[in-house]
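Enquirer: Single-letter residue listing:
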Amino acid sequence: MKVDKKTVKEIAALANFQIEKKDEKDLIIGMQKILEMASSLDEAETKDITPMANPHDARQILREDVCKDVEHRDLFLALAPLAEDGFFLVPKVVE
Amino acid sequence: MIIANWETVIGLEIHVQLSTKSKIFSDASTVFGTGPNEQANEVDLGLPGTLPVVNAEIFPKAIAFGLSIGAEIAKTSYFDRKNYFYPDLPKGYQITQMDEPIVRNGCINIELNNGTTKSIRINRAHLEEDAGKSLHDSFPNMTGVDLNRAGIPLLEIVSEPDMRTAEEAEKYAKSIHQLVTYLSISDGNMAEGSFRCDANVSVRREGEKELGTRTETKNINSFKFLKNAINFEVKRQMNVIQSGQKVKQETRLYDSVKNETRPMRSKETATDYRYFPEPDLLPVSFDQNYIDQIKKTLPELPSEKKNRYVREHGLRESEAKFLSNDLELALFYENCHKLVKDSKQIVNWLKGEMLSRLSDAEITIKDSPISPIQLCDLIKRISDGTISVTIGKKIFGKLWEGQSISVDNVIRDENLAQLSDSKQLDELINEAIKKNPKQIEQFRNGKTKVLGYLIGLIMKETSGKANPKQVNDLILERINSPK
Amino acid sequence: MPDQTLAEQIKGIRRKKYSSFELTQSLLDRIKDKSNLNCFISIDENIIEKAQAADKEIQKGSDKPLLGIPIAHKDIFCEYETKTTAGSRMLENFVAPYDATVVSNLKRAGAISLGKTNMDEFAMGSSNETSFFGPVRNPWDENRVPGGSSGGSAAAVSARLCCAATGTDTGGSIRQPASFCGITGLKPTYGRVSRWGMIAYASSLDQAGPMALTAEDCAIMLREMSGHDKKDSTSAQVAVDDYSAFLSRPLGKLTIGIFEPLMKELDSSTSLVMETTIKDLEKVGVTFTEIDLPNFSYAIPAYYVIAPAECSANLSRYDGVRFGYRCKEPSNLKELYQRSRTEGLGQEVKNRIMAGTFALTTGYYDAFYRKAQQVRRLIKNDFVKAFKNVDLIIAPTTPSTAFRLGEKADDPQEMYLQDVYTTSANLAGLPALSMPAGFVNGLPVGAQLIGNYFEEARILSVAHQFQAITDWHLTSPDSQT
Numbered sequence: 004m005k006v007d008k009k010t011v012k013e014i015a016a017l018a019n020f021q022i023e024k025k026d027e028k029d030l031i032i033g034m035q036k037i038l039e040m041a042s043s044l045d046e047a048e049t050k051d052i053t054p055m056a057n058p059h060d061a062r063q064i065l066r067e068d069v070c071k072d073v074e075h076r077d078l079f080l081a082l083a084p085l086a087e088d089g090f091f092l093v094p095k096v097v098e
Numbered sequence: 248m249i250i251a252n253w254e255t256v257i258g259l260e261i262h263v264q265l266s267t268k269s270k271i272f273s274d275a276s277t278v279f280g281t282g283p284n285e286q287a288n289e290v291d292l293g294l295p296g297t298l299p300v301v302n303a304e305i306f307p308k309a310i311a312f313g314l315s316i317g318a319e320i321a322k323t324s325y326f327d328r329k330n331y332f333y334p335d336l337p338k339g340y341q342i343t344q345m346d347e348p349i350v351r352n353g354c355i356n357i358e359l360n361n362g363t364t365k366s367i368r369i370n371r372a373h374l375e376e377d378a379g380k381s382l383h384d385s386f387p388n389m390t391g392v393d394l395n396r397a398g399i400p401l402l403e404i405v406s407e408p409d410m411r412t413a414e415e416a417e418k419y420a421k422s423i424h425q426l427v428t429y430l431s432i433s434d435g436n437m438a439e440g441s442f443r444c445d446a447n448v449s450v451r452r453e454g455e456k457e458l459g460t461r462t463e464t465k466n467i468n469s470f471k472f473l474k475n476a477i478n479f480e481v482k483r484q485m486n487v488i489q490s491g492q493k494v495k496q497e498t499r500l501y502d503s504v505k506n507e508t509r510p511m512r513s514k515e516t517a518t519d520y521r522y523f524p525e526p527d528l529l530p531v532s533f534d535q536n537y538i539d540q541i542k543k544t545l546p547e548l549p550s551e552k553k554n555r556y557v558r559e560h561g562l563r564e565s566e567a568k569f570l571s572n573d574l575e576l577a578l579f580y581e582n583c584h585k586l587v588k589d590s591k592q593i594v595n596w597l598k599g600e601m602l603s604r605l606s607d608a609e610i611t612i613k614d615s616p617i618s619p620i621q622l623c624d625l626i627k628r629i630s631d632g633t634i635s636v637t638i639g640k641k642i643f644g645k646l647w648e649g650q651s652i653s654v655d656n657v658i659r660d661e662n663l664a665q666l667s668d669s670k671q672l673d674e675l676i677n678e679a680i681k682k683n684p685k686q687i688e689q690f691r692n693g694k695t696k697v698l699g700y701l702i703g704l705i706m707k708e709t710s711g712k713a714n715p716k717q718v719n720d721l722i723l724e725r726i727n728s729p730k
Numbered sequence: 145m146p147d148q149t150l151a152e153q154i155k156g157i158r159r160k161k162y163s164s165f166e167l168t169q170s171l172l173d174r175i176k177d178k179s180n181l182n183c184f185i186s187i188d189e190n191i192i193e194k195a196q197a198a199d200k201e202i203q204k205g206s207d208k209p210l211l212g213i214p215i216a217h218k219d220i221f222c223e224y225e226t227k228t229t230a231g232s233r234m235l236e237n238f239v240a241p242y243d244a245t246v247v248s249n250l251k252r253a254g255a256i257s258l259g260k261t262n263m264d265e266f267a268m269g270s271s272n273e274t275s276f277f278g279p280v281r282n283p284w285d286e287n288r289v290p291g292g293s294s295g296g297s298a299a300a301v302s303a304r305l306c307c308a309a310t311g312t313d314t315g316g317s318i319r320q321p322a323s324f325c326g327i328t329g330l331k332p333t334y335g336r337v338s339r340w341g342m343i344a345y346a347s348s349l350d351q352a353g354p355m356a357l358t359a360e361d362c363a364i365m366l367r368e369m370s371g372h373d374k375k376d377s378t379s380a381q382v383a384v385d386d387y388s389a390f391l392s393r394p395l396g397k398l399t400i401g402i403f404e405p406l407m408k409e410l411d412s413s414t415s416l417v418m419e420t421t422i423k424d425l426e427k428v429g430v431t432f433t434e435i436d437l438p439n440f441s442y443a444i445p446a447y448y449v450i451a452p453a454e455c456s457a458n459l460s461r462y463d464g465v466r467f468g469y470r471c472k473e474p475s476n477l478k479e480l481y482q483r484s485r486t487e488g489l490g491q492e493v494k495n496r497i498m499a500g501t502f503a504l505t506t507g508y509y510d511a512f513y514r515k516a517q518q519v520r521r522l523i524k525n526d527f528v529k530a531f532k533n534v535d536l537i538i539a540p541t542t543p544s545t546a547f548r549l550g551e552k553a554d555d556p557q558e559m560y561l562q563d564v565y566t567t568s569a570n571l572a573g574l575p576a577l578s579m580p581a582g583f584v585n586g587l588p589v590g591a592q593l594i595g596n597y598f599e600e601a602r603i604l605s606v607a608h609q610f611q612a613i614t615d616w617h618l619t620s621p622d623s624q625t
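Residue numbers (this note's numbering), protein chains in the order written: chain A, 4 to 98; chain B, 248 to 730; chain C, 145 to 625.
Source of the hints: derived by calculation from the structure; they are not laboratory data. Where hints are given, some of them may not hold.
Unchecked claim - Derived pair list, reagent style DSS-like, types lysine-lysine, alpha-carbon separation capped at 30 angstroms: (1) C:K478 to A:K25; (2) B:K493 to A:K71; (3) B:K505 to C:K478; (4) A:K36 to B:K505; (5) C:K472 to A:K25; (6) A:K71 to B:K380; (7) B:K493 to C:K478; (8) B:K329 to A:K95; (9) B:K505 to B:K465; (10) B:K493 to A:K12.
Said to hold, decoys possible - If you want the ones that stay clear, here's a sample from chain B, every Cβ over 10 angstroms from chain A, calculated: (11) K270; (12) G282; (13) L294; (14) I652; (15) Q671.
All figures in this text were calculated on a predicted structure; none of them were measured in a lab. Don't be surprised by glycine CBs; every beta carbon is placed ideally from N, CA and C.
Work out the full structure, taking the sequences as your base and the hints as a guide.
Expert: As structure tokens, this is what we get:
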């Protein structure tokens with residue numbers, strides 16, 4: 004598995020990273036090294052093996068449909084880099 | 248739209264908000280209409296370290312829907328993450344169901360204009376969380392994000408591309424709307440976003456095997472807009488193809504003011520959603536017993552109701568349909584029917600006075616000021632001859648305006664009971680015959696219309712309280728056997 | 145006082161040999177003296193008042209098990225109105241509006257939080273060098289790393305800056321630094337300790353656990369940290385044992401499994417430490433037998449797919465919109481996202497997000513992500529089978545002793561291989577502990593005990609009885625030099 008510039012660009016777009024020319028190489032190497040760690044996976048015999056998403060082998064416990072008032076709303080909005088009139092603000096999105 | 252040599256192919260994705268008190272993965276309230284972000288807690292905001300906990304209430308609702316469309320119910324279902332960035336999607340992924348949706352392979356019948364029915368297949372219905380809302384016009388150069396809707400529970404119902412016209416799509420959407428409101432799993436309120444349609448539309452020349460390239464027009468929140476958006480899209484796509492170009496697979500937006508669709512700029516790049524199993528949640532399982540219990544408590548569905556009304560209440564097909572189309576109306580009718588067995592009378596009142604009053608007041612029968620008990624009292628007094636239909640309508644108006652709550656009180660207080668004292672009527676009729684010899688002559692010569700005139704006179708004299716049938720009989724008796 | 149274990153400090157305070165205030169003050173002094181170790185990202189400004197409040201409660205006769213004991217939290221646990229950074233620039237100024245369940249559970253038990261310990265950024269690293277707040281130094285040799293990602297917690301306990309600390313372990317992040325710093329650290333069964341309020345790295349692997357000088361102290365901590373939590377859907381509904389009560393019980397006929405290939409890879413001096421450990425364990429009545437874990441070698445490859453994949457989604461919420469770092473004057477939304485994330489997250493975090501994003505893309509999902517999840521089941525099945533014949537499994541914790549700062553900076557794969565003995569327990573969700581087992585060239589070496597699901601009590605009692613006849617765990621870096 005060889006990571007190339009095109010792949011890095013596509014993946015960076017999905018992950019929302021900005022890649023400067025100077026960082027390109029580091030990112031390729033960084034990604035490559037991790038993926039190389041995984042390279043021997045294909046040697047494992049996994050025919051008919053159900054994937055395991057979570058080690059906790061149990062059924063989901065569900066929550067009763069009861070609602071609670073939102074606490075600490077003031078603290079939440081205070082965390083925002085930019086908020087006004089109760090809204091979080093981002094640069095204008097044109098739909 | 249059927250245009251020679253072209254075929255339109257339509258599939259709908261309908262997002263139905265399930266009526267629950269709290270959100271799908273958090274205990275924040277789902278009530279509509281509070282201030283921005285007032286109902287977004289730490290889970291809805293996707294703050295670091297927060298985790299989803301599944302609301303139990305979504306499952307019986309989704310399963311009830313599945314059972315009603317004859318679908319398979321997954322005994323074990325999983326949640327997945329769908330990854331994409333958008334300001335109204337706090338975690339950067341939406342928790343949804345990809346591989347194991349709760350409902351699979353159902354169908355629903357729609358009735359076409361020519362009276363035949365068509366079956367529309369439903370590929371799947373899955374549970375997911377709603378995103379928040381972006382306001383693009385409230386701040387200069389900025390978009391405001393309100394996450395109150397983030398985490399609202401949705402059932403996304405995905406049809407097969409089985410519809411061929413905008414009308415069919417509209418009928419399908421209406422049928423689904425009717426079904427989810429019948430099942431009481433959603434309030435179906437389109438203005439508040441509880442019922443939204445995405446329309447996948449493509450066109451192809453007749454006889455072509457491959458489907459054309461489709462576009463997805465998102466977030467349509469009225470049946471009229473749905474029809475308009477599809478019709479616009481069909482025309483646009485045909486024009487594109489006819490001008491030798493190719494239809495672009497894209498997400499579009501319907502502008503109801505301009506009545507057109509246009510590409511959504513914010514979603515221009517086709518993205519890879521990288522679905523994978525949500526590791527913060529375990530599989531959800533139900534046994535057959537649980538599903539059977541839900542099946543037992545399923546309410547009667549529109550078509551079942553309609554058939555029963557025809558079969559058991561002796562209503563005409565059209566009358567039964569009128570009632571069963573609207574669950575609230577049907578329930579009102581059924582409450583009346585418990586009190587008065589004369590189904591026809593009930594339907595006539597509902598179709599006539601009730602409907603016109605409701606539409607004047609722009610309210611639904613749920614908010615009618617007249618109760619089934621009141622309407623039935625009214626019907627009873629008409630059929631036992633206490634009042635005439637005309638007086639009945641007058642009383643209906645008084646009850647509607649809240650001037651009284653009791654039919655009998657109105658009759659008593661306003662002295663509206665019919666004159667059935669034949670002695671008093673005899674005198675009035677004798678008087679009338681005396682004063683109108685010419686008309687009596689005409690009647691005897693075969694001009695029976697005159698009878699109506701005479702009855703009218705009596706009714707006028709009695710301010711409508713006389714029983715017209717009785718008056719009719721008495722006049723005939725008098726004319727045919729003069730004293 | 146600072147040299148005492150948690151159990152001793154509990155007694156000291158209860159018997160009024162010293163007050164919580166005095167203990168806290170002496171620890172603060174020591175933290176100041178050892179500030180070059182860079183163990184803490186922040187110190188609680190109100191810690192003295194909290195200690196004084198605890199003293200008042202003690203006067204009133206409160207019997208909370210950890211009343212007045214100063215402990216430290218890895219800075220991955222949210223603490224109400226307290227800065228919680230996860231070692232990242234992204235959360236440099238993030239003040240948490242809620243407590244992690246681990247934090248509130250320990251508060252309820254009476255413990256007071258000294259401060260938040262340094263860590264690899266978002267728990268991604270094995271040396272504490274990826275922290276935005278600078279690396280932690282190993283108390284045994286300040287030119288060496290303390291391990292990671294819970295390096296701050298491990299070094300703080302080792303340097304006697306606090307008797308116990310919380311940590312998290314996704315692929316070895318409690319056990320490897322415990323081994324490097326000569327302390328005892330336990331990663332419990334997945335689901336034993338709530339993840340609510342613990343900033344996620346890889347949700348299906350992350351598990352919080354105690355780090356302390358002794359197994360006895362880990363037992364005390366774990367009992368207070370554990371339990372079902374309605375706020376964590378993956379939290380287990382399994383009763384919490386009284387771990388302390390089990391510690392000294394006779395082990396009975398206890399068998400520990402050895403997977404030979406793991407021992408063969410070790411260098412001769414580390415190998416000798418493992419052999420001595422096995423002999424010492426035999427002295428307390430344990431018998432050993434060989435087991436087979438045929439898929440063990442796939443643990444690292446599976447881990448380096450699953451952890452990055454999950455983290456690629458878990459870290460999408462760091463977008464500069466609702467909290468955390470936001471770049472200066474973004475001209476549009478895309479720039480806001482891209483620059484905030486690029487500037488706010490460090491290189492190693494970006495590498496993992498990139499690799500994980502890749503592993504989930506349509507063309508590679510089956511070969512990477514799905515395959516890794518299948519291998520994960522194989523690994524679990526191997527353990528399930530092995531535990532039919534043995535009660536515990538012994539393994540090394542790390543392939544080497546603490547390495548020098550910067551030594552593996554240019555070779556990430558060497559760094560990743562730090563987890564070679566530890567990741568399998570995370571993939572399978574099993575409890576595992578690292579305990580001090582000896583020294584090589586003056587640096588601590590840990591031995592790992594892996595147990596069956598929810599058998600933390602058994603692991604802790606074996607470790608405790610081992611520690612009753614050894615004193616590796618009580619050797620302080622100060623006494624060494």
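Enquirer: Next step is simple, just say for each hint if it's right about the structure.
Expert: Do the hints match the structure? See the list:
no. : hint             : verdict
1   : C:K478 to A:K25  : 20 angstroms, holds
2   : B:K493 to A:K71  : 52 angstroms, violated
3   : B:K505 to C:K478 : 29 angstroms, holds
4   : A:K36 to B:K505  : 53 angstroms, violated
5   : C:K472 to A:K25  : 21 angstroms, holds
6   : A:K71 to B:K380  : 22 angstroms, holds
7   : B:K493 to C:K478 : 29 angstroms, holds
8   : B:K329 to A:K95  : 24 angstroms, holds
9   : B:K505 to B:K465 : 16 angstroms, holds
10  : B:K493 to A:K12  : 28 angstroms, holds
11  : K270             : 8 angstroms, violated
12  : G282             : 6 angstroms, violated
13  : L294             : 7 angstroms, violated
14  : I652             : 36 angstroms, holds
15  : Q671             : 65 angstroms, holds
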